[in-house]
Amino acid sequence: MSEKEVKNIRTEGTRSLEEIFEQRIARDEKIEPKDWMPEKYRQTHIRQISQHAHSEIVGMLPEGNWITRAPSLRRKVALLAKVQDEAGHGLYLYSACETLGISRDELYEQLHTGKAKYSSIFNYPTITWADIGAIGWLVDGAAIINQVPLCSTSYGPYARAMVRVCKEESFHQRQGYEIMTKLANGTSEQKEMAQDALNRWWWPSLMMLGPTDAESVHTEQSMKWKLKRKTNDELRQQFIDQTVPQADLIGLTIPDPDLKWNEETGHYDFGEIDWDEFWQVVKGHGPCNKERLSARVNAWEEGEWVRDAAMAYAKKQEDKKLKKAI
Amino acid sequence: MKNENLIQYIYGIADNALILGQRLSELCGHGPSLETDIALTNMALDLLGQTRSYYQYVARLTGDEKTEDDIAFLRIERQYKNVLLVEQPNRHFGYVITRQFFFDVFHLLLLQELQNSKDETLSAIAKKGIKEVSYHQRFSSDWMKRLGDGTEESHQKVQEAVDDLWRFTDELFHLTEDDKEAIETGIGIDVTNLKEKYNKKIKEILEEATLTIPEIKWFQKGGKQGIHSEHMGYLLADLQYMQRAYPNMVW
Numbered sequence: 001m002s003e004k005e006v007k008n009i010r011t012e013g014t015r016s017l018e019e020i021f022e023q024r025i026a027r028d029e030k031i032e033p034k035d036w037m038p039e040k041y042r043q044t045h046i047r048q049i050s051q052h053a054h055s056e057i058v059g060m061l062p063e064g065n066w067i068t069r070a071p072s073l074r075r076k077v078a079l080l081a082k083v084q085d086e087a088g089h090g091l092y093l094y095s096a097c098e099t100l101g102i103s104r105d106e107l108y109e110q111l112h113t114g115k116a117k118y119s120s121i122f123n124y125p126t127i128t129w130a131d132i133g134a135i136g137w138l139v140d141g142a143a144i145i146n147q148v149p150l151c152s153t154s155y156g157p158y159a160r161a162m163v164r165v166c167k168e169e170s171f172h173q174r175q176g177y178e179i180m181t182k183l184a185n186g187t188s189e190q191k192e193m194a195q196d197a198l199n200r201w202w203w204p205s206l207m208m209l210g211p212t213d214a215e216s217v218h219t220e221q222s223m224k225w226k227l228k229r230k231t232n233d234e235l236r237q238q239f240i241d242q243t244v245p246q247a248d249l250i251g252l253t254i255p256d257p258d259l260k261w262n263e264e265t266g267h268y269d270f271g272e273i274d275w276d277e278f279w280q281v282v283k284g285h286g287p288c289n290k291e292r293l294s295a296r297v298n299a300w301e302e303g304e305w306v307r308d309a310a311m312a313y314a315k316k317q318e319d320k321k322l323k324k325a326i
Numbered sequence: 001m002k003n004e005n006l007i008q009y010i011y012g013i014a015d016n017a018l019i020l021g022q023r024l025s026e027l028c029g030h031g032p033s034l035e036t037d038i039a040l041t042n043m044a045l046d047l048l049g050q051t052r053s054y055y056q057y058v059a060r061l062t063g064d065e066k067t068e069d070d071i072a073f074l075r076i077e078r079q080y081k082n083v084l085l086v087e088q089p090n091r092h093f094g095y096v097i098t099r100q101f102f103f104d105v106f107h108l109l110l111l112q113e114l115q116n117s118k119d120e121t122l123s124a125i126a127k128k129g130i131k132e133v134s135y136h137q138r139f140s141s142d143w144m145k146r147l148g149d150g151t152e153e154s155h156q157k158v159q160e161a162v163d164d165l166w167r168f169t170d171e172l173f174h175l176t177e178d179d180k181e182a183i184e185t186g187i188g189i190d191v192t193n194l195k196e197k198y199n200k201k202i203k204e205i206l207e208e209a210t211l212t213i214p215e216i217k218w219f220q221k222g223g224k225q226g227i228h229s230e231h232m233g234y235l236l237a238d239l240q241y242m243q244r245a246y247p248n249m250v251w
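One line per chain: the protein sequences are A and B, in this order. Take the first sequence: its position 35, counting from 1, is numbered 35 in the numbering used here, and each next residue is one higher. Take the second sequence: its position 204, counting from 1, is numbered 204 in the numbering used here, and each next residue is one higher.
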């Protein structure tokens with residue numbers, strides 16, 4: 001057989017495999033690690049799942065910033081547990097990603113060299129205790145809206161990881177809102193602190209749901225593979241509609257003069273988002289991009305001798321066992 | 001036994017858990033791997049959980065509407081009775097593990113005795129803590145072995161930590177006046193009796209880890225009297241920041 005003939009067979013084979021694959025997705029069947037999948041599906045999933053995992057572990061940093069200064073023991077313990085949950089999310093998302101044939105070390109490498117992205121929201125600083133409340137309430141709130149549809153996404157390991165992630169995130173969101181409620185009902189200083197945090201985190205939270213549909217490059221393909229069930233703009237509207245009444249309830253004001261209820265559409269109209277700021281932060285010019293990345297790189301580099309020691313020790317133990325067996 | 005003596009006795013135990021928990025909290029998000037990050041945070045959570053149980057008990061004993069947070073955040077440095085060992089900084093992972101190991105071995109021995117205390121609350125807290133602290137000791141012992149018998153670099157680094165931190169271990173077995181009073185009433189534990197077992201366990205693990213105990217004649221002390229190292233002030237500045245900057249508020 002000539003080379004050309006072999007290629008044709010493969011192409012034909014691939015096409016039919018691809019057809020079978022698309023049919024399985026259409027039937028809402030889960031795709032498992034050992035199943036055949038198009039290369040683009042694999043790559044898209046590596047990109048999205050790792051981006052998600054990176055967001056979890058970079059997201060530990062802004063909140064970790066307040067663990068040692070939490071205002072009460074109860075809050076300290078809750079915050080520690082929350083940040084630990086995020087490490088756990090990172091762990092199972094990296095594991096899910098590894099089933100696609102890439103190692104955790106390679107994924108870290110992509111993060112550390114800036115090749116892989118993480119959620120831009122974590123490039124904003126946490127400058128008061130109220131920021132911890134705002135992150136839980138708004139950032140985790142927006143994350144849940146993004147993530148709940150992923151519980152039924154087509155790639156099995158990702159979907160299953162997301163079920164657990166979402167359960168914990170919704171707990172975090174309630175915890176964040178509870179912090180804000182306490183502050184909003186507290187002294188004038190506390191109320192001011194809460195309003196200030198809302199002012200700073202509101203717009204970045206809206207941006208978190210991604211660029212507008214017109215600008216989003218991955219939406220179409222992702223919808224087809226059920227990596228996405230709603231567009232960015234739909235998700236953003238859902239977040240706003242859900243969050244505005246929560247702010248009203250605790251007497252805080254959303255920092256948007258154009259925000260108003262629209263009887264006709266049954267949704268809130270809202271002001272223009274500063275997309276220029278969004279892209280600047282994505283490109284690395286946010287207030288904390290450098291700090292976040294260098295904190296991750298430092299932890300990794302300073303931990304190298306520890307990981308090496310663990311490997312060397314494990315090998316020695318194995319060798320000892322082997323010697324005994326002989 | 002007077003309440004004030006009992007309270008001071010409890011501080012001598014509880015403050016160790018608070019300060020070590022605070023030190024471990026600093027590392028959350030910065031561990032050498034996700035797995036160790038999660039494990040260190042777990043230990044911080046256990047220790048802070050124990051702290052809350054002790055302080056809630058102290059608050060009840062005090063009676064004048066004091067809360068666990070007043071006790072944790074609003075004392076001056078001289079009123080904290082933790083040993084110097086637990087306030088030592090996280091210089092590198094070798095220090096973190098050695099500090100933990102030196103403390104865990106003591107902590108487990110202490111709680112095993114404290115569960116027999118005549119004070120029912122302390123006995124209950126100890127019983128609950130034993131399970132947690134047994135895990136801490138297993139974790140830190142395993143890591144002492146990995147680091148000691150891992151690579152040349154890890155051996156040297158962890159030996160450096162052992163050499164530096166060993167001088168803080170003797171204080172674990174000192175008795176304050178409040179301790180003595182607590183022992184007399186059957187509430188407190190005579191920690192001097194734990195020293196032999198402690199040294200045996202430490203020696204056993206360090207030998208397996210190919211590490212050596214430094215030969216020193218002079219040990220550091222003072223924490224139990226509230227005379228701390230220079231590190232303590234900064235630790236408390238972080239810990240107390242919110243309560244000091246925004247007094248009398250509910251969070």
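Be aware that one or more of the hints could be misleading.
Stated by the list, open to error - Result set (EDC-like, lysine to aspartate or glutamate): computed pairs, CA atoms no more than 16 Å apart in a straight line: (1) Lys320/A / Asp149/B; (2) Lys316/A / Asp170/B; (3) Lys203/B / Asp149/B; (4) Lys315/A / Glu152/B; (5) Lys217/B / Glu152/B; (6) Lys226/A / Glu29/A; (7) Lys34/A / Glu106/A; (8) Lys115/A / Asp105/A; (9) Lys221/B / Asp142/B; (10) Lys131/B / Glu113/B; (11) Lys315/A / Asp142/B; (12) Lys316/A / Asp149/B; (13) Lys217/B / Glu184/B; (14) Lys2/B / Glu181/B; (15) Lys320/A / Glu208/B; (16) Lys260/A / Glu272/A; (17) Lys224/A / Glu98/A; (18) Lys118/B / Glu184/B; (19) Lys40/A / Glu272/A; (20) Lys200/B / Glu152/B; (21) Lys316/A / Asp142/B; (22) Lys203/B / Asp170/B; (23) Lys117/A / Glu106/A; (24) Lys315/A / Asp149/B; (25) Lys316/A / Glu171/B; (26) Lys230/A / Glu215/A; (27) Lys127/B / Glu113/B.
What the hints assert, rightly or not - Partner residues are not named here, just some residues of chain B that face chain A (Cβ under 7 Å, in silico): (28) Leu27; (29) Ile38; (30) Glu68; (31) Gln112; (32) Asp149; (33) Tyr234; (34) Ala237; (35) Met242; (36) Pro247.
To be verified - The following label-pair restraints were derived from C-beta to C-beta distances: (37) Tyr234/B / Leu249/A: 36 to 46 Å; (38) Gln156/B / Asp274/A: 51 to 61 Å; (39) Glu207/B / Ala325/A: 20 to 30 Å; (40) Lys283/A / Arg138/B: 55 to 65 Å.
To be clear, the hints were calculated from the coordinates, so they are not data collected in a lab. All C-beta atoms, glycine included, are put in the ideal place defined by N, C-alpha and C.
Hints, one by one, checked against the model:
1. A distance of roughly 13 Å separates the Cα atoms of Lys320/A and Asp149/B; the hinted pair therefore holds under the 16 Å criterion.
2. Of the supplied pair hints, the one linking Lys316/A and Asp170/B is violated, its CA atoms being roughly 33 Å apart against a limit of 16 Å.
3. Our distance criterion of 16 Å between C-alpha atoms is met by Lys203/B and Asp149/B, whose separation comes to about 15 Å.
4. Under the criterion of a C-alpha separation no larger than 16 Å, the hint pairing Lys315/A with Glu152/B is consistent with the structure, at around 14 Å.
5. Of the supplied pair hints, the one linking Lys217/B and Glu152/B is violated, its CA atoms being roughly 28 Å apart against a limit of 16 Å.
6. Between the alpha carbons of Lys226/A and Glu29/A the distance comes to roughly 11 Å, so the proposed pair stays at or under 16 Å and holds.
7. Annotation: proposed proximity of Lys34/A to Glu106/A is violated, straight-line Cα distance about 20 Å (limit 16 Å).
8. With a CA separation close to 14 Å, the supplied pair Lys115/A and Asp105/A stays within the 16 Å bound.
9. A distance of roughly 28 Å separates the Cα atoms of Lys221/B and Asp142/B; the hinted pair therefore is violated under the 16 Å criterion.
10. The straight-line distance between the Cα atoms of Lys131/B and Glu113/B is roughly 14 Å, inside the 16 Å bound, and the hint therefore holds.
11. A threshold of 16 Å between alpha carbons decides the hint, and for Lys315/A with Asp142/B the separation of about 15 Å falls inside it, so the pair holds.
12. Proximity of Lys316/A to Asp149/B is assessed by CA-CA distance (about 9 Å); at most 16 Å being required, the pair is judged to hold.
13. Note on Lys217/B and Glu184/B: the hinted pairing is violated, with a Cα-Cα distance of about 30 Å set against a maximum of 16 Å.
14. With a C-alpha separation of about 9 Å, the suggested pair Lys2/B and Glu181/B falls inside the 16 Å cut-off, and the hint holds.
15. For the hint linking Lys320/A to Glu208/B, the alpha-carbon distance of about 14 Å falls within 16 Å, and the restraint holds.
16. Only pairs whose Cα atoms come within 16 Å are accepted, and Lys260/A paired with Glu272/A is accepted, the gap being roughly 13 Å.
17. Our distance criterion of 16 Å between C-alpha atoms is broken by Lys224/A and Glu98/A, whose separation comes to about 23 Å.
18. A C-alpha spacing of about 11 Å is found between Lys118/B and Glu184/B, which places the hinted pair at or below 16 Å, so the restraint holds.
19. The hinted pair formed by Lys40/A and Glu272/A fails the criterion: a straight-line CA distance of about 34 Å is larger than 16 Å.
20. Straight-line distance between C-alpha atoms of Lys200/B and Glu152/B comes to about 26 Å, which puts the hinted pair past the 16 Å bound.
21. At roughly 14 Å between alpha-carbon atoms, Lys316/A and Asp142/B fall within 16 Å of each other, so this suggested pair holds.
22. Straight-line distance between C-alpha atoms of Lys203/B and Asp170/B comes to about 14 Å, which keeps the hinted pair within the 16 Å bound.
23. Restraint check for Lys117/A and Glu106/A: satisfied, since their Cα atoms lie roughly 14 Å apart, inside the 16 Å limit.
24. Annotation: proposed proximity of Lys315/A to Asp149/B holds, straight-line Cα distance about 11 Å (limit 16 Å).
25. Between Lys316/A and Glu171/B the CA atoms are separated by roughly 36 Å; this puts the pair beyond 16 Å, and the hint is violated.
26. Taking the CA atoms of Lys230/A and Glu215/A, the gap is near 15 Å; set against the 16 Å cutoff, the hint holds.
27. For a cut-off of 16 Å, the pair hint linking Lys127/B to Glu113/B stands: about 10 Å separates their Cα positions.
28. Annotation: Leu27/B was flagged as interfacial toward chain A, and the flag is violated, the nearest CB pair being 9 Å apart, outside 7 Å.
29. Interface restraint check: Ile38/B against chain A, minimum CB-CB distance 5 Å, threshold 7 Å, status holds.
30. The beta carbon of Glu68/B is positioned within 7 Å of a beta carbon in chain A (closest approach about 6 Å), and the interface hint is therefore held.
31. Annotation: interface hint on Gln112/B violated; nearest CB of chain A at approximately 25 Å, more than 7 Å.
32. For Asp149/B, the shortest C-beta to C-beta distance to chain A is roughly 6 Å, which falls under 7 Å, so the interface hint holds.
33. The beta carbon of Tyr234/B comes no nearer than 10 Å to any beta carbon in chain A, farther than 7 Å, and the hint placing it at the interface is violated.
34. The closest approach between the C-beta of Ala237/B and any C-beta of chain A is roughly 9 Å, which is over the 7 Å cut-off, so the hint fails.
35. Interface restraint check: Met242/B against chain A, minimum CB-CB distance 4 Å, threshold 7 Å, status holds.
36. Proximity of Pro247/B to chain A is violated relative to the hint, the smallest CB-CB distance being about 10 Å (cut-off 7 Å).
37. At roughly 40 Å, the beta carbons of Tyr234/B and Leu249/A sit within the given window of 36 to 46 Å.
38. For Gln156/B and Asp274/A, the Cβ-Cβ distance of about 52 Å falls inside the hinted range of 51 to 61 Å, so the restraint holds.
39. Between Glu207/B and Ala325/A the beta carbon distance is about 25 Å. The supplied range of 20 to 30 Å therefore holds.
40. Evaluation of the 55 to 65 Å hint for Lys283/A and Arg138/B yields a failure: the beta carbon distance comes to about 46 Å.
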